[in-house]
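2 protein chains.
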Amino acid sequence: MNARFYAPAARPGTLVSLPDDEARHLTRVLRLRVGDPIAVFDGLGAEFDASVEHVTGDRVDIRIGDARAAAAEPRVAITLAQAVLKGDKMDDVVRDAVMMGVTAIQPIVTSRTEVSRATLERAHRRERWQRIAVASVKQCGRALLPPILEPLEAEMLPQAISARQLPVPAFMLVEPSASAHASALRDVEPLVPREATIVVGPEGGWTPEEIEAASGTLRPLTMSARTIRADAMAIVAIAALLTKWNEL
Amino acid sequence: MNARFYAPAARPGTLVSLPDDEARHLTRVLRLRVGDPIAVFDGLGAEFDASVEHVTGDRVDIRIGDARAAAAEPRVAITLAQAVLKGDKMDDVVRDAVMMGVTAIQPIVTSRTEVSRATLERAHRRERWQRIAVASVKQCGRALLPPILEPLEAEMLPQAISARQLPVPAFMLVEPSASAHASALRDVEPLVPREATIVVGPEGGWTPEEIEAASGTLRPLTMSARTIRADAMAIVAIAALLTKWNEL
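Chains as they are written, first to last, in the numbering used here: chain A, 52 to 299; chain B, 52 to 299.
Just so you know, the hints here were simulated from the structure itself, not pulled from any lab data.
Fair warning: this is a prediction, and the values are worked out from it, not measured in the lab.
Glycine included, C-beta positions come from ideal geometry on N, C-alpha and C.
Any given hint might turn out to be false.
[As the list claims (entries may be wrong)] Computed spacing ranges between beta-carbons, pair by pair:
1) B/P244 with A/E206: 42 to 52 Å
2) B/R163 with A/V85: 29 to 39 Å
3) B/E104 with A/M207: 43 to 53 Å
[Claimed, not checked] These stretches of chain A come out as covered by chain B in the derived footprint (C-beta under 8 Å, 3 or more residues):
4) 146 to 154
5) 181 to 193
6) 211 to 217
7) 281 to 289
Take the sequences, apply the hints, and build the full model.
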C-alpha cells in the first residue's frame with residue numbers, strides 16, 4: 052500500500068503543498084521522489100490517490116488524483132472528554148481513542164488533575180496531542196482527523212453538555228462505589244445514537260462534588276467489576292460502547 | 052481499603068508466610084507492622100481479611116481471617132493466546148488482559164515473532180510476565196491469578212485447540228484483508244460460552260500459512276474497520292467480546 056499523508060486542502064485534480072511535518076516525513080523519512088505514487092487524506096473524511104510533483108528543499112507539492120476508500124467511520128460521532136492524565140499517558144489515550152474512531156477529543160481539567168489549563172497552554176500540549184492524532188490517523192487508515200478541543204474545566208462540563216457544545220447522550224465513567232445511580236453497560240440501549248460523549252476521569256477519580264454536579268446532565272456509567280486503570284478506561288469504554296451499538 | 056497481598060496458601064484461621072516479593076512489598080514499600088490489618092487473596096478466587104502476625108527480617112507471617120468479597124469474575128473463562136510482542140509491549144498486554152478478567156495467558160511464538168521459545172526461556176520472560184500478572188491482580192481487585200502458560204509455537208495452535216488444551220470457541224483475530232471467511236463482531240452469538248480462547252497475532256500479522264492452518268479449528272474474527280495496533284488488539288477484543296456476552 053502506498054504511504055499516506057495528511058493534505059488538508061486536497062481536492063481532485065489540484066496541486067497542493069503538504070504541511071511541513073508531512074513534507075519532512077515524505078522526503079527525509081520515506082525518501083520519496085518526484086513521480087512516486089502516494090495516498091492523501093484531507094482530515095475531513097476524504098482520501099485520494101496522489102503523486103509527488105515537485106520537491107524543493109522541505110517543500111513538497113503533490114498532484115491530487117481520484118478519490119479512494121478510507122477506513123469506514125462508525126455511524127456514531129463520539130467525543131471523548133478525557134481528564135488530562137500524568138506524563139505520557141494522555142498521549143497514549145489520544146493515540147488509542149483516534150484509532151478506535153472518535154471524532155473529537157475534549158481534554159478536561161478536574162479537581163484532581165495536577166496541571167492547570169494555563170500550564171497546558173504554555174507547554175503547547177494541545178498542539179502535541181494534535182500531532183499525535185495525525186500520526187494515529189495515518190496508522191489506523193482513517194481519513195477523518197479528530198480535532199483536539201480547547202481544554203475545559205470539569206465544572207463547565209454540565210453547561211457544555213446542556214448547551215450541546217458536547218453531544219448527548221453523555222456517559223460519565225465512574226467507579227461502582229462512586230455513584231448509587233450509575234448504569235451498567237448492560238443498561239445502555241443497543242440502538243446506536245447519532246452522536247455521544249464519553250467522559251473519563253483522572254487517576255485519582257472524580258471528586259464526589261464533580262459527580263454530584265454532573266448528575267442530571269451526564270449519565271453515570273460503570274464499566275467493569277474489575278478496576279480499570281484511568282489510562283485504559285477510554286479504550287475500554289469506546290470498545291464496549293461501539294460493540295453495544297454494533298459499530299466496532 | 053487495606054493493602055492487598057498474594058498469599059497462595061491462605062485458608063481461614065491459619066498462619067501463612069507471604070511469598071518473598073509480597074513480604075518485601077509489605078515491609079519495605081508499605082512499611083506495615085505487626086498487628087496491621089491487610090487483605091489477602093489466594094490466586095484461586097478467594098479473598099480474606101488478615102493481619103500481620105510476625106515480621107522477621109524479610110519474612111512475614113500473617114494470620115488469615117474471614118473471607119471477604121473480591122471483584123466479580125466474568126462467567127466466561129477466557130484464555131488469551133497472544134503472540135509475543137516486541138520490547139515491553141508484551142508486559143503491557145499481560146497487565147491489561149489480567150485487568151480485563153482473563154483466566155490464563157498463553158504466549159505464542161509465530162513465524163513473524165522475533166524471539167524463539169529458547170530465548171524466552173533463557174531470559175526468564177515467563178516468570179517476569181507472571182510477576183506482572185500478580186501486580187495487575189493486586190491493582191484491579193481480582194482474587195484469581197491467571198497463570199502464564201508455557202510458550203507455544205503457532206503451528207501447534209490447531210492441535211492445542213483440538214485437544215482442548217486451549218478452550219473453544221477459539222477466536223483468531225485477523226485483518227479484514229487477511230481472510231475471506233472471517234466473521235465480524237456482529238456475527239458472534241450473544242449467548243455467553245463457559246470458556247473461550249482469544250488468539251492475537253504479532254506486529255507483522257499472521258502469515259497466510261498460519262491463517263490457513265488454523266482455519267477449521269479456530270474461528271477467524273475481524274475487530275474493526277480501523278486498523279488496531281497489535282499491542283492494543285487484546286484489550287479491544289476482550290472488551291468487545293465481554294460486552295457482546297454481557298460480562299464486562
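Do the hints match the structure? See the list:
1. The hinted window of 42 to 52 Å between B/P244 and A/E206 holds, with their beta carbons roughly 45 Å apart.
2. B/R163 and A/V85 have their C-beta atoms about 34 Å apart, which keeps the hinted 29 to 39 Å range intact.
3. Take B/E104 and A/M207: their Cβ atoms lie about 52 Å apart, and the range 43 to 53 Å holds.
4. Residue count for the segment 146 to 154 of chain A with a Cβ under 8 Å from a Cβ of chain B: 4. That meets the three needed, and the coverage hint holds.
5. Counting residues of the segment 181 to 193 of chain A whose beta carbon lies closer than 8 Å to any beta carbon of chain B gives 4, which meets the minimum of three for the stated coverage.
6. Check result for the segment 211 to 217 of chain A against chain B: violated, 0 residues qualifying (beta carbon to beta carbon below 8 Å, three or more required).
7. Residue count for the segment 281 to 289 of chain A with a Cβ under 8 Å from a Cβ of chain B: 3. That meets the three needed, and the coverage hint holds.
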